[in-house]
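Asks: Chain by chain, the residues:
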Amino acid sequence: MHLLEAEGKRTERAPTYALAMTEAHIVGDVLAAIDFSDRTDDILAEGLALARASGGVLHLVHVAAGEPDLAGYDKDDISPFTRQARAGQLTDEHQRLRSMAEALGGDGVEVVPLVVMGPTAQRIQEAADHVGASHVVIGSHGHGGLHHLLVGSVTEEVVRHADRPVVVVPVRPRA
Amino acid sequence: MGKIVVGVDGSVGSRSALRWAHAEAVLRSCPLEVVLVWQFPVMTSLPAFGAVPPPEDLSGDSEASLQATLQEEGVASTDAVPVTATVAEGAAAAALIEVAKDADLLVVGSRGRGGFTGLLLGSVSQQCTMHGRCPVVVVPAE
Chain U
0 MHLLEAEGKR TERAPTYALA MTEAHIVGDV LAAIDFSDRT DDILAEGLAL ARASGGVLHL
60 VHVAAGEPDL AGYDKDDISP FTRQARAGQL TDEHQRLRSM AEALGGDGVE VVPLVVMGPT
120 AQRIQEAADH VGASHVVIGS HGHGGLHHLL VGSVTEEVVR HADRPVVVVP VRPRA
Chain F
0 MGKIVVGVDG SVGSRSALRW AHAEAVLRSC PLEVVLVWQF PVMTSLPAFG AVPPPEDLSG
60 DSEASLQATL QEEGVASTDA VPVTATVAEG AAAAALIEVA KDADLLVVGS RGRGGFTGLL
120 LGSVSQQCTM HGRCPVVVVP AE
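Protein chains in written order, with numbering that gives the first Met the number 0: chain U, 0 to 174; chain F, 0 to 141.
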């Protein structure tokens, strides 16, 4: 690869333009999609950096799996136990997200936790609309090759359908 | 201090990416590197003798169009935000990932190629998000 470097040229109308852009940029908050995976810290760091730069609120959104649909004829027997376990799980997720938000807050950036349930990519977009986020931060799950081909990924779906900038944070270790 | 790298190819989507990257660089007071990647044209038959311009000419054109884009979008170097324009040759995603390997952010435009075509062709932004080593911002066209 050839690399040729050239200095950026100065233009006269730059300052007013830069100011206008910056103001447009400030409007809106940052939504970080949190799935409690290993690299959650990187996603939080990126969300904080964006929120700090733009002066917005950082919304931590965790999308929990939807209500379990039970198939089978003894559904009435199983259902209460499954639901109870699921409710415990949800409470736990709420708790983790809230303590995460509390740990991050007080650093000049307001951090708000939110747990929603349902299909992940769709709920992330709805949550972004709901809070009026100007950016979405999400992990690149980094499933390569075959997995990606077969399953697709939430991140890809979010990027494909987003009408706002999406920041994809690599979840593989940095080389 | 880190830097923000943005890929520009003259398309509408990449201009949105450039504007976003510049605004973010201003907010963070960090350097901005604007990268244009060009590739040798793929030829399926032999061209007439002398029809292929030498590589220097193509990179020269790329650099001129990159400077023109910067000027049109009002992206200029300041003390707080030094702007570097870089022309690289190769496959777009690979070249961008290489340039941005130590960057804070890599910014690319989403070409908005939806559905089946996107699925078949893949896209630069998708390759960057899958293989990039730094956070990648995909900016939709306005």
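Wrong hints could be hidden among the right ones.
Stated by the list, open to error - Label pairs and their calculated CB-CB ranges: (1) F:Asp60 / U:Ser98: 54 to 60 Å; (2) F:Phe39 / U:Asp40: 56 to 62 Å; (3) F:Ser64 / U:Glu156: 30 to 36 Å; (4) U:Arg97 / F:Ser10: 27 to 33 Å; (5) U:Glu109 / F:Gly59: 48 to 54 Å; (6) F:Asp78 / U:Ser36: 51 to 57 Å.
By construction, these hints were calculated from the structure, which means they are not laboratory data.
Cβ atoms here follow ideal geometry from the backbone N, Cα and C, with glycine treated the same way.
Asks: Lying within 48 to 54 Å: is that true of the beta-carbon distance Glu109 of chain U to Gly59 of chain F?
Replies: holds, 49 Å
Asks: Does the Cβ distance between Asp60 of chain F and Ser98 of chain U fall inside 54 to 60 Å?
Replies: Given a distance of about 55 Å, which is inside 54 to 60 Å, the answer is holds.
Asks: When you take the CB atoms of Ser64 of chain F and Glu156 of chain U, is the distance between them in 30 to 36 Å?
Replies: holds, 33 Å
Asks: Are Arg97 of chain U and Ser10 of chain F spaced within 27 to 33 Å by their CB atoms?
Replies: violated, 43 Å
Asks: Hint says 56 to 62 Å; check whether the CB-CB distance for Phe39 of chain F and Asp40 of chain U agrees.
Replies: violated, 42 Å
Asks: So does Asp78 of chain F sit 51 to 57 Å from Ser36 of chain U, Cβ to Cβ?
Replies: Given range 51 to 57 Å: violated, Cβ gap about 40 Å.
The structure shown violates the earlier hints numbered 2, 4, 6.
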